[in-house]
Amino acid sequence: MSIRDKVLYLDKLTVSFDGFKALNDLTLCVEPGEMRCIIGPNGAGKTTMMDVITGKTRPDSGTARFGRRVDLLELSGPGDGADFWQGLDLLKLSEPEIAKAGIGRKFQKPTVFEHLTVFENLELASAGDRSFLKTLLARTTAAQQKRVDEVLDITGLGGLRGARGRILSHGQKQWLEIGMLLMQEPELLLVDEPVAGMTPPEIERTARLLRSLAGEHTVVVVEHDMDFVRSIARRVTVLHEGRVLAEGDMDQVQNDPRVIDVYLGV
Amino acid sequence: MSFGVVWPTALPWFWYGFNHFLFALAMMVLAPAVLAAVFGWFAFRSRVTGVYFSIITQALTYALMLAFFRNDMGFGGNNGFTDFKDILGFDLHSDSTRVVLLVLTAAALAASYLACRAIVASRAGRVMRAIRDAESRTRFLGYPVESFKLWVFVFSAVIAGLAGALYVPQIGIINPSEFAPINSIEVVIWVAVGGRGTLYGAVAGAVLVNYAKTYLTGAFPEVWLYALGALFVLVTLFLPRGIIGLVPARGNDK
Numbered sequence: 001m002s003i004r005d006k007v008l009y010l011d012k013l014t015v016s017f018d019g020f021k022a023l024n025d026l027t028l029c030v031e032p033g034e035m036r037c038i039i040g041p042n043g044a045g046k047t048t049m050m051d052v053i054t055g056k057t058r059p060d061s062g063t064a065r066f067g068r069r070v071d072l073l074e075l076s077g078p079g080d081g082a083d084f085w086q087g088l089d090l091l092k093l094s095e096p097e098i099a100k101a102g103i104g105r106k107f108q109k110p111t112v113f114e115h116l117t118v119f120e121n122l123e124l125a126s127a128g129d130r131s132f133l134k135t136l137l138a139r140t141t142a143a144q145q146k147r148v149d150e151v152l153d154i155t156g157l158g159g160l161r162g163a164r165g166r167i168l169s170h171g172q173k174q175w176l177e178i179g180m181l182l183m184q185e186p187e188l189l190l191v192d193e194p195v196a197g198m199t200p201p202e203i204e205r206t207a208r209l210l211r212s213l214a215g216e217h218t219v220v221v222v223e224h225d226m227d228f229v230r231s232i233a234r235r236v237t238v239l240h241e242g243r244v245l246a247e248g249d250m251d252q253v254q255n256d257p258r259v260i261d262v263y264l265g266v
Numbered sequence: 001m002s003f004g005v006v007w008p009t010a011l012p013w014f015w016y017g018f019n020h021f022l023f024a025l026a027m028m029v030l031a032p033a034v035l036a037a038v039f040g041w042f043a044f045r046s047r048v049t050g051v052y053f054s055i056i057t058q059a060l061t062y063a064l065m066l067a068f069f070r071n072d073m074g075f076g077g078n079n080g081f082t083d084f085k086d087i088l089g090f091d092l093h094s095d096s097t098r099v100v101l102l103v104l105t106a107a108a109l110a111a112s113y114l115a116c117r118a119i120v121a122s123r124a125g126r127v128m129r130a131i132r133d134a135e136s137r138t139r140f141l142g143y144p145v146e147s148f149k150l151w152v153f154v155f156s157a158v159i160a161g162l163a164g165a166l167y168v169p170q171i172g173i174i175n176p177s178e179f180a181p182i183n184s185i186e187v188v189i190w191v192a193v194g195g196r197g198t199l200y201g202a203v204a205g206a207v208l209v210n211y212a213k214t215y216l217t218g219a220f221p222e223v224w225l226y227a228l229g230a231l232f233v234l235v236t237l238f239l240p241r242g243i244i245g246l247v248p249a250r251g252n253d254k
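If you read the sequences in order, they're chains A and B.
Residue 153 in the numbering used here sits at position 153 of the first sequence, and the numbers go up by one each step.
Residue 8 in the numbering used here sits at position 8 of the second sequence, and the numbers go up by one each step.
Calculated directly from the structure, the hints in this document are not laboratory data.
If you're wondering where the values come from, they're calculated on a predicted model, not measured in any experiment.
Some hints here could point you the wrong way.
Below, simulated DSS-like cross-link-like pairs (lysine-lysine); rule was C-alpha separation at most 25 Å, straight line [what the hints assert, rightly or not]:
| id | chain 1 | residue 1 | chain 2 | residue 2 |
| --- | --- | --- | --- | --- |
| 1 | B | Lys149 | A | Lys100 |
| 2 | A | Lys173 | A | Lys146 |
| 3 | A | Lys92 | A | Lys56 |
| 4 | A | Lys173 | A | Lys106 |
| 5 | A | Lys100 | A | Lys173 |
| 6 | B | Lys149 | A | Lys134 |
Here chain A stands alone, though its shape is the one from the complex (with noise of 0.2 Å):
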């Protein structure tokens, strides 16, 4: 297995907490606009192994690149236009270097700006100069103003562009902050349990703007409601006892008898 053509690498990671192994040579990859859920029962190592990818947590021993896609386009002008990768060793950069390499997570519990409008919330998201004195004579440029406008549209919160943050119902903060990720253009989107406490419409609207996601982003979901892994992922993976335990479509996992044994037929 190389690093071409992948956007995350891992390989052989493991991670220990006062002997327990968090991540036991865990070797995982993911193809670029791939949408792929990770699966497992608590303590399988899902939070651990996104603390290791962001820069939270650093890991005993093992390898962890990022793949990030350059278009030699872009880099030295006319040429065959074909993508080139370059990997990127996350366990040599710290978190806010990583989300500035193009890796954004979403964690369980949403967390807007409740005073600010929902427009706010994703111009403050957007790329650009965070300094105080950048930012205090700081105007909204039109790419800005466009990128908000295209990000309402994909989370559909078109509607409630003014509203403050604390109306939104759970669902919509959830989709903001999915919004906000996006400002931020990653390639790879981290989403931790995006659906709990939601309402089946609303599951089922989460859902569309994940799929929609995919192809132009990667994304990763970690999430332990079946239908909804059913109803987003192509490929997933099961971690038991920080190991991939099995990996394929929903149907194959679902009927490994190794799956069943650990995870599904409880």
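Position chain B against the provided structure of chain A, taking the given hints into account.
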């Protein structure tokens, strides 16, 4: 400011230059700015926030009060400074000078209000509200939260320095008891009475509470502190949004 203060002995080194009006004017801005920048840098870098930050600023002020009460500090000990005679050659006791100082005070208030308004309305202002709502989320978006806090802390110190420079020639005395915690509490009460979270609320509260103070300390001097305490409790209980909260909301809670 070039007040005609008569000193029994040579001035301490840090008073040199203060006989030049422009130097005094520059120090009015620089002294509080540097103090706030140094103090704020340490406090925000250590991620001291919320009520703990209020407490350590109070502790700093208290320490300064004790230091300034010492006679050998070079600031007049517990008597402070008084008996100011003139400013730029104008008699401080003449009506025309007093009117000019009042007008300057009103102009300074207007300028400070507009500057605060501009900051609040800028993207930096939205970042500050974001920090208030969800500090770690703002940091996660890539904003240097500590630097935002430090700039605003320094800016507010400059406004306070301006207020102090206008206060002393009009009141005629300044001594270390002005460092007392009650003064900080009083400012908090102005804001609570006027209306938290608004700029004009703070102005309205300052005018109203000080009007009451002027009346009560004249008519019933022993009642004032109790009245102030009762006011704070009552406003917190029954008017959480202050006097401004009585005005129908415009649907815009900046």
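Each hint tested on the structure:
1. Lys149(B) with Lys100(A): Distance ~23 Å between Lys149(B) and Lys100(A) Cα, so the pair holds.
2. Lys173(A) with Lys146(A): 21 Å, holds
3. Lys92(A) with Lys56(A): 12 Å, holds
4. Lys173(A) with Lys106(A): 12 Å, holds
5. Lys100(A) with Lys173(A): 23 Å, holds
6. Lys149(B) with Lys134(A): Given pair Lys149(B), Lys134(A) holds - Cα atoms ~15 Å apart, limit 25 Å.
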